[in-house]
Structures are given as C-alpha cells and as structure tokens.
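Q: Okay, here's what each chain looks like letter by letter:
There are 4 protein chains.
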Amino acid sequence: MPSPDTSWLAESIMARRGLAKGQPGQAYAITEASQGKYHYVYGPYATPVLTVDPGAVISAETHDAFEGKITSESDKPTEILNFPFLNPQNGPIYVNGAEKGDCLAVYIKEIVPRGPQPRGTTCVMPEFGGLVATGDTALLNPALPERVKKLEVDAVTGVKWNDKITLPYEPFIGTIGTSPEIEAISSLQPDYYGGNMDLPDVGPGAVIYLPVNAPGGLLYLGDCHAAQGDGELCGVAIEHPTVTTVQVDLIKGWKFKWPRLENERVIMTIGSSRPMEDAVRIAYRELVRWMAAEYGFDEIEAYMLLTQVGKVRLGNMVDPKYTLGASIRKTLLG
Amino acid sequence: MPSPDTSWLAESIMARRGLAKGQPGQAYAITEASQGKYHYVYGPYATPVLTVDPGAVISAETHDAFEGKITSESDKPTEILNFPFLNPQNGPIYVNGAEKGDCLAVYIKEIVPRGPQPRGTTCVMPEFGGLVATGDTALLNPALPERVKKLEVDAVTGVKWNDKITLPYEPFIGTIGTSPEIEAISSLQPDYYGGNMDLPDVGPGAVIYLPVNAPGGLLYLGDCHAAQGDGELCGVAIEHPTVTTVQVDLIKGWKFKWPRLENERVIMTIGSSRPMEDAVRIAYRELVRWMAAEYGFDEIEAYMLLTQVGKVRLGNMVDPKYTLGASIRKTLLG
Amino acid sequence: MPSPDTSWLAESIMARRGLAKGQPGQAYAITEASQGKYHYVYGPYATPVLTVDPGAVISAETHDAFEGKITSESDKPTEILNFPFLNPQNGPIYVNGAEKGDCLAVYIKEIVPRGPQPRGTTCVMPEFGGLVATGDTALLNPALPERVKKLEVDAVTGVKWNDKITLPYEPFIGTIGTSPEIEAISSLQPDYYGGNMDLPDVGPGAVIYLPVNAPGGLLYLGDCHAAQGDGELCGVAIEHPTVTTVQVDLIKGWKFKWPRLENERVIMTIGSSRPMEDAVRIAYRELVRWMAAEYGFDEIEAYMLLTQVGKVRLGNMVDPKYTLGASIRKTLLG
Amino acid sequence: MPSPDTSWLAESIMARRGLAKGQPGQAYAITEASQGKYHYVYGPYATPVLTVDPGAVISAETHDAFEGKITSESDKPTEILNFPFLNPQNGPIYVNGAEKGDCLAVYIKEIVPRGPQPRGTTCVMPEFGGLVATGDTALLNPALPERVKKLEVDAVTGVKWNDKITLPYEPFIGTIGTSPEIEAISSLQPDYYGGNMDLPDVGPGAVIYLPVNAPGGLLYLGDCHAAQGDGELCGVAIEHPTVTTVQVDLIKGWKFKWPRLENERVIMTIGSSRPMEDAVRIAYRELVRWMAAEYGFDEIEAYMLLTQVGKVRLGNMVDPKYTLGASIRKTLLG
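Chains as they are written, first to last, in my numbering: chain L, 1 to 334; chain R, 335 to 668; chain Z, 669 to 1002; chain F, 1003 to 1336.
Since the hints were made in silico from the structure, they are not lab data.
Keep in mind that this is a model prediction, so the values were computed, not measured.
Even glycine gets a Cβ: it sits at the ideal position worked out from N, Cα and C.
Incorrect hints may appear among the rest.
From the derived model, a few chain F residues whose C-beta atoms are all more than 12 Å from chain R [said to hold, decoys possible]:
hint : residue
1    : LYS1023
2    : PHE1085
3    : GLY1099
4    : GLU1129
5    : LEU1142
6    : CYS1236
7    : LYS1254
8    : ARG1267
9    : ASP1280
Partial chain R-side listing against chain L, Cβ under 10 Å, derived [to be verified]:
hint : residue
10   : GLY377
11   : ALA467
12   : GLU486
13   : ALA489
14   : GLU515
15   : SER520
16   : PRO609
17   : TYR629
Using the sequences and the hints given, assemble the complete structure.
A: Structural data, given as structure tokens:
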C-alpha cells in the first residue's frame, strides 16, 4: 500500500487550529501487554492507559472485533462469543488540556495488519445483520445458519476471498471516539462521540474531529477492518488485528455535536441514528451548519447547494444506530 | 384516589414465583437527605443507597424530571436546565441474591404527590418533543417558542389545567429499571432494562418485571408523572415530586430480554426502539414468546390470536427510543 | 349485539353541518349482483354503482378480503390468491354535489355477518405480516409456514377461536374511503383519502369524515372485520362477508387533509405513513390543527394538552402504510 | 459532454437477451406537440403516444418538473404550482410484445438541454424537502421561506451556481418507469416499477431494466436533472427541459420485482421505500438474489461478499418513498 499523499495536511483544520499545529510530537506505543485489559464501553470510568500532549503519535496494537477468538471456519460464534464483551478497544488516552467544548483532531497515519494467517474473519450470526431479523427488528422468521469465513489479509496483495476474487486492502478504523460525559456506552454503538461508526472514510489519510465531552477527551479506538462495503451488510466486515498509528491534536473551543472528518478532497459530517433517514438528516444538518458557520454560506444557500453536490456514504446499517457521512468537495466550497 | 384492588396479587407471578412469595417484608424510606446525590445514569458504577432482601417495601422521595428547578411560568428551561444532568433518579437499590439471569419484580403500591403548589410542571423546549424537529430528526425549521405551564396537582381533585379543564390524577413512574451489566446509560433513555419508558401502565396496582443484568439488580426509579397521554407528545408530562412506594421481590432464573408487566387484567411486554414499528415488533415478539413458553400456545397460534385481540399502548414518542407496550387480557389466555 | 346509543348523533358535526343535517334519506341496497364487478383500486376511473343525494342510507353486501376464496384450513393462500386482485371493494358511490374541498360524512349504522359458516377467515402468509420479513422489510430469513384458520362468526355469540377461547363480535369496516383526484391506488393501501386503514374505531356508532378529492367523492368500502387487535399483527383479521349499512352526508367546504372520526366520546384524526412515528405525527398534528381551528386552542396549548390526555390507537402495522388514530375526549375540549 | 464509451454495450444483458439484441431500430421523436397532454400518473388508463417494436430509438422533448412555470427568482412556487399536476411525463410508449413478467431494457443514449436560459431551476418550498418538516414528517415548526434559484445550464460549460462555483453538467432521468398493472400512481412517487427515483445513476451510458406489469409495458419518462447530489436534499435538483434519447429493448420472461441497472462498471438494484433502511434492504436483497440466480453464488455467500464490497447510492430522501441503489463491480462477480 503506497503512503497516502500528505501534502494537503499543512492546510488542514488540524494544522491551522490545533495546539500542536498538526505537527507530530512524542511517539508512543500501546502494545497488547501495555494495554492489558481492553475496554467494552466508551466512558469516563476507566483509567487512562496513556496521558499525552497534543501532537502525540500513538501506535496501538488493536484486536479484531472478536478479540481473536474465531480461528476456524468450523467455529460457532454463538458458542464462542460472550455478549457484551465484544469489540475490544484500546485506550482511553487522556489528552492534556482537553475540556468539554473542545475538539480532538485525530489524523490516521497508518494501519498495518498483524498476527498469523488467516488473520481476517467475517461471519453470519443469528439475529445480527442488515438483511435478517434482529433484536430490534424482532420477527418470528427462522434464523439463517451460522457461517464463518477466514481469509488471508495482506497489506500489499489484498484480501483473498476465493480463488477467483481478491479484494483490495482498504483498511480503516471501525470504532473510534471520545468518552461521553457521564455515560459509559457499549463499544458496539456509534453515537455523537464517535464509537462503532464502521465508516470506511475513517482510514489512513483522513483527520477525524471528535467532540470532547469529558476531561482529557479520553480517546478509544479499535475494530479495524481490512475491507468493507457500504452498510457492512451482514454485520461483520473483514475483521483483523492491526498496528494502527494515529496523531492526536487538540483544537480548543471548537464545539460541535457530531464527528467531522476531513481528507484531501472533502469535508464530511457523520450522523448516527435510527431510522436511517434520521442519520442522514443529522449528517446533512451538521454540514449545512458547518458551511454556514465557517464557509460563508447562509443556511438555505448551503441547503440548496448540497442538494446538487452533496455525497452520502453509508457506513453501517447493522449497529444499534446506523451511521452515514455527508460530504462536499472542498473545491465546491467557493 | 381509592386504593387499587389488590386481591388479584395473590395470583400474580410475583406471588407464585418470588422468593418472598409476594409478601411485604421490611420497610425502608429513601428521603432526599438519605438519597443525597441523585443519579443521571443507569449503571453499575454507583454505590447502592440501600441493600435489601426480597420483599422489601421502599418509599422514595422522588424529584420531578427537572429536579424542581422550574418554578415559574416565566422560567426559560434552556437557561435553567443543564444537560445531561436531567431526570434525577433514586437508587440504586441492591437486592440480595439477584444475579444476571434473574428477574426483579416490582409492585407499585402507591404514588403520592409532595412539595409546594403549583407542584406540577410541563413545558415546550426547543428541539425536544414529538411534533418538532429534534436532535435526531434534525431539520432546518425554526423552533417553537419555549413555554412553561405550572399546575396544581392534587391526588384527590386532580390536575387543574385551566378554569374549564381538570385532568384526573393518574400517576405512574416515568423511569424505572435495573442496571445494565457494564454500560451506564442516561436516565433519559428507555431500553431493555427499563429506564425512561414513560409508559402510563407502570402505575399503582401493576407489577413490573425487570431483567437482572448486574449483581443485586440495582434498581433505580424516579420521574413520576401526575398525568400523561399516549406518546408524551411535547416530551414533558405533568412532572411532579412524589413519595413513591414499591415492593420488590426476586424471581430466580426467570430470564427474558425486555421488561414485562402484569396487572389485574392483562399481561404486557414492553419494547423500546426506533423506528416505532421496531418497538412494537419487540413488544409483540416478546409477548408471542411468553405465550408460547408459559401459556401453552405454539408461536404461530399466539401470533394469530394476538392479531385479533392484542392491545398496544404508546408510552413515549419523544425519548431516545420510543416505548410501547403490547398486552393481552388474561381471560383470553385460555 | 345491542344497537349503539345514537342520541349523541343529533349533536354530531354531521348533524350540525351536513346538507342533510344528519337525517337519513333514501335507502339503497348494493347486492353482489348489483355491484357486479368489485374494485381493487381507489380511483376516479370506475363507473359509479350508485348516485345518491346526501342523507342516503346504503346497505352493501361486502365480500371478505379474499373474495370468499379461502374456504378450508387446508387451502394454500399463495396458490389461491392472485395479487393485486385482493380486498374487493363495493362502490364507487357518487354523492351529488360533492366537490374537491368538501367532506363526506359517513355514519356507520350497522354491520351484520352473512354467508355460510365457518364464515370467518384468518391466515399467515409468506412475506406478509407485522412480525415477519416482507416485501418492504426485505430480509433473507426463511418464511413461516402458511396457516389458515376458519372460524364461526356470529353477531350474538361472537367468534369461536377454539373450545376455550371466544372473542366478542366487534365488527368494523377495514377499508373505506373516497377517490384520489387522479390516482388509482390499490385497495390494500391506506392513505389521506382513507382506504385500507384497518382501524377498529371505524365501526358501528362512529361517523368518519373523508376529504373529497374528485367529483362526487366516489365512496368505496369493503373488507369488514369481525374482530381485530391493535396492529392487525399477522396481517389478516377475522375477515368475513357482511351486509354493511352506512348513511352518507355532505359537508360543503370543510377541507382537511386526512380522515377524521367522531363517536359519542371522542374526536379522532387518522394518519397513515411509514415509519410508524410519521403516522402518529400526522394524526396528532391534524388533531392539534383541528383543536386550534374549531375548539379555541392555540396550537402550542393544544400540543401541551394532548401531551397529557391524547390517546393513540394503532390500526395496522402490516399494510403499505401503517395507520394510527389520535383522539381526545370531547369532555376535555373545554 | 463527451459521448460515453459504448463498447461494453455489446456484452450487456440487453444485447445478450433482448429481442433486438441491443441493436438500434427505428427512430422516433416525441415533440411537445406530438406528446400533447403530458401525464401526472403512471398507469394503464392513458392512451399510448407511441407504439414501437423492440429496438426503437426515441427522442423525447421533456419538460422540467414544474412544466416550465417557474421562470423568475421572484416567483412563488406555492402560488404557481398546482398539486397534483406536477412532474409531467412523456409517454406512455407501448412496446409490442411486452407482457406481464417480461422486462423492458432502456438504454439511455443522450440527454441534451433545451429551452431559453436560464433554463435550470431549483427552489425551496414549504413542507417539502429532506431537512424540513413535511406532510409525512408532520411537525409544528414554522416553515422555511420559499426561495427560487434560476441557473444557466449548458452541456459543455456546466451549471453556473454563482460567480465562484460552477457544477459539472451530469444529467440523468429523474423519473422513468413502466405502468403498474391496475394502479395509476402519481409521477411524484418512485416504486417497484420505477417512477420518480431521482437516482443519478440513471443517466447516459446506463441501461435500466424495468419489470413489465401491464401489456406493452407502457414506458413513461421525464423530469431530467442537470445535476443532483445524493438525496436530492431540498427536494428540487437542477430541473431543466431536455431532449432525451433512449433505446428500448424487450427481454422476454426476465421476471423480477424492482428496477435493475447496468453500466460499464457495475450491476445495480434499486429499492424505494420508507423508512430508508427498508429501501436499502430491498436493493440489497434483490442484488443477493440476482447474484444467486445468475452469477453462481449461494445467497449467504453473496450476502457476505456484498458486506465487503457492496456500494450504496442514495437517490432521493424527499419523495413519497426514498430510493437507493445497491451495486457491485462486475469484476468482483468472479
């Protein structure tokens, strides 16, 4: 995988407004050993695994969403997995100076697969997924049979689906976010603080902006995917363990409600809700307001322009809330 | 308000399966002083205010949802209220012997209004309510103006709306539930453990059955309403402080996913989700399964019978999840 | 079945504002023979079976929703039924003087079962129903098996479910409405003109008010149910053929968007949409506007009062749009 | 605008299975004059404007969605437009030999803007759009003010938004479909037969496959857009009159429920429903079934592969049903 072009970063919001000016600072590693206990909730009740200054560059050994427990295609997920102890997270990382009303900027530098092959896992489980009856869409139909697929994942040669089909390695962070102020919410859920968004745009070369709700921000991350289609249809992407490297900056006083993202081409807002139209409404309203607050549009003009050029990316349609991103090309911001 | 007829209680599930056989045990009071700090999340991270045996009868001084801060019709809720510190809860109450997979049975004996008049409050707030744009149904329309209405609430004479209209005093507990296993979730939210269901059936004379997810069950309650229509349309019922008395029993090994309720006439299951049809699906699927597991129906027969006689009650259409109850008359269970 | 008390009718909106002042006029019968071809769409392209003046009292021989084709519990609906030729309707009835912007008032006088026993039918069909995957909630789960239940229906002794369970005979009109202006829409669908609402309140003793969209109004009706629970859960109530008698009046210039209903106790508005919360929003907004236009409330006051006393009835959660009614007791209108 | 590369067409499904083998046949023009009365419903009750054999190439003078009535930025849409007489359609075109259970293949050759400048129109109207309260999402908030924007549209230089922003001319057909069997449904609605899908993929270079429900198929089309973002957010894209040229073929016995599409890169299925997740479910289930029926996958394997590589395109989030397309790259079909 070629390194993404990073020249645009010098003009990013992180570089222009971050305390560290988007410059890399001290480097840290979170190994499996130094992480110790992984976390299954996003909340303020855990002890930070690291305390860092803005600019810190952190490489974390992430587990896959199943903590590596599914090792064979004959495994039965329903027998092996123990809800709610799913989707283990690294962190929390306490960022010095971060207070409610600030913003953590997290630049995703690199995602590298790790662990023995076949290191990729996807599966179909009962009452989970976008095209089956679930705990929420609670129906009487019989479930589909369980099925596990183990896949070789390589950063260069991609994900081998079968002898005829190979998928490109297009990794991203499935779950990343800050802590709520007083809640501790399952790492299976996406929400206003980030969490299990499963949005492929949250990959190398992007900066995600997360609202700070609790002191230090308390950044969590994990659940990296080697590939994923729009919606994460059966509920399980190509899950795999990685070394994921991010650079964290702090923007004081940049207050907004929902995660924002920037890459070389676009600015994006991210909404999570049910039904799905509410997630799109959140994302687009946040984008309208962002364009009005910082790019010189009035709200109705922004609304009318997005009608012609806005793009929507479906992240997940399987988690407790659905996640979508709404974006506009930077060149169309005038 | 006449006391509800309680003779049916001797035949209730609580009486038949509870460790205390539905008999009242030791009495406790939770005053404002003994409660001290009220809680804004349902979770396992708080210290119990009481530890009791099954059978305990507990009278709690509940605050209204605004902790009494709205005292005048000229108050501005947006200036006075401090999200997420809303909907204060009494508890948690640790019930000896309660383990994951058990059920807490909570019989609601009495709700008595307390505090100086006008002790009732309802209001319209921006971005909150069933007929306005909200944080989830995120739109660009201007908000409605804020409006507060203070009302005299009396257990005998009712709720005085204006000179021409008086509402009967029909109190219930807006928010009641057990703790999640590892999550700590806002008391504004209803979910599988109960919480902010805002379902009028949860009133004097009913027994609510709550799944135990954490040791001791950890019962919370608060947010009593003097009256409420189906859906709690503007988001704020007749909120009022009370002394609420419940009797708690423990049913070992009665495991189910969502709250259940029983009164003299019906058995009911309660679902909370979005969109609203998913909440109804949850409630009805739970009722089908209950009828199949304990009342001698096969699932399809139960499904077909509920088609003819099932009743649905809309609790709230304003909270983070909508809540509905599905019920069947006991006399139709054969 | 005792006749409903009709003394309140003299004070009904139909009596106060109808051209016939709510008085019965000429009587008509629509037999199977005089109806000839039944209809499967609500639209302006069919020839009226009757042309009447306001006040007309019409007794129609309705078919059941399956046109009587399911006669045995061993029948397979998927083999017998021929979509879209389902839910046959009597009509259309042309009401002299009715123009777009007017209102047809339809007082439901009586529903009497007819035809050989067992004349009642319910069934479970693949991809149809409230607790199964459907054509809209399109999933990969296997379907439930088909099942047909035939039942004896008697106006006095009720509906015999089995040896232990008998349901009261509580009939209503499942499908009734006027024609859209230029559309012709399946009789399986409920919408702003009425149609397949499957709302139990539309029974003897009620007056339903329907907006006129096309010249003559073009009233259709059919699909009477002997009993039905909230939501019509499996999609098929106790379907049965009847003689249904209605009295039609015309209110000039009473213009509104969605069906309204009145009985001795309440006024009700009816909304149909998806997701379900949108149907409730429609119903409640219409009720707010009605209270503001005709009962002396300002909109926010009506909104706040309905929060405390509004009632919601779930009609169907199985048709192309879900239907709910929102109501308030007349005694609470001040 | 360069002509799209059409070499792949020789391998298209239209070429392989169409009666005309994808070869262009006789050419026809539908002018404003020859069309005469445009249509506002998709149904079988109108007289065909053309009867053609498979292979016919038809150039139609389409109106914009407002039939050209909005000519100035000071116009008030609410005063000018006359619901339901909106979204005028050319057609219907009767294709000889087309019967229920067949498929019309429609290759979109070209869309050329016509009419005097500024020929493009977008606007904000009350109770219509994706970020405002509407007739379905019926709320009490005040409406946004009406606003009209007229724009110069040129096939080469694009759409001039303002002095700083120019949008590329990326035209497509907003509304296209066949007739339902017995219904006549507003041209504002998308559904299983096509209609007002507002999906940008339905542009030059694509073949859309439409199910035939009525004799002759009865093709309608209109409502071309010069540009549109995902979701058509405010409800009105860059509406403009065009000459649109399509080539129609007939595939006998290719029976499916929802529209399908093919272009050089992908195969796509299109679903329309509410809530939005149901539209995605429809599209993805149809794609799973297509892959299982014609590309050698079992259903669960297709489901798991789409989880990793499926793409979703949001067409509209403003029409009576929301429309989304689900697609997979042809190179990933193995």
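Q: All hints are to be evaluated individually against the structure, with a verdict given for each.
A: Now the hints, each set against the structure:
No beta-carbon of chain R is positioned within 12 Å of the beta-carbon of F:LYS1023; the least distance is around 46 Å. The non-interface label for F:PHE1085 is consistent with chain R: the shortest C-beta to C-beta separation is roughly 20 Å, beyond 12 Å. In this structure F:GLY1099 is separated from chain R by more than 12 Å, as the shortest Cβ-Cβ distance comes to about 42 Å. The Cβ of F:GLU1129 does not lie farther than 12 Å from every Cβ of chain R; its closest approach is about 10 Å, which violates its non-interface assignment.
Listed as a non-interface residue, F:LEU1142 fails to keep its Cβ farther than 12 Å from every Cβ of chain R; the least gap is roughly 5 Å. At roughly 9 Å, the least C-beta separation between F:CYS1236 and chain R is not larger than 12 Å, which violates its mark as non-interface. Every C-beta of chain R lies more than 12 Å from that of F:LYS1254, the closest at about 39 Å, which supports listing it as non-interface. Consistency note on F:ARG1267: stated as away from chain R, and its beta-carbon is indeed over 12 Å from all of that chain's, at 34 Å minimum.
Against the 12 Å criterion, F:ASP1280 falls within the reach of chain R, whose nearest CB is about 10 Å from its own CB. The interface hint given for R:GLY377 holds, since its Cβ lies 6 Å from the closest Cβ of chain L, which is under the 10 Å cut-off. With a cut of 10 Å, the hint placing R:ALA467 at the interface with chain L holds, because the nearest CB-to-CB distance is about 9 Å. The restraint placing R:GLU486 at the interface with chain L is violated, with a minimum CB-CB distance near 34 Å, outside the 10 Å limit.
With a least beta-carbon distance of about 34 Å to chain L, the hint placing R:ALA489 at the interface is violated under the 10 Å criterion. A least Cβ separation of about 6 Å between R:GLU515 and chain L falls short of the 10 Å threshold, and the interface hint therefore holds. For R:SER520, the shortest C-beta to C-beta distance to chain L is roughly 6 Å, which falls under 10 Å, so the interface hint holds. Given the 10 Å rule on beta carbons, the hint for R:PRO609 holds: about 4 Å separates it from the nearest Cβ of chain L.
The beta carbon of R:TYR629 comes no nearer than 16 Å to any beta carbon in chain L, farther than 10 Å, and the hint placing it at the interface is violated.
Checked against the numbered hints above, the structure breaks hints 4, 5, 6, 9, 12, 13 and 17 and satisfies the rest.
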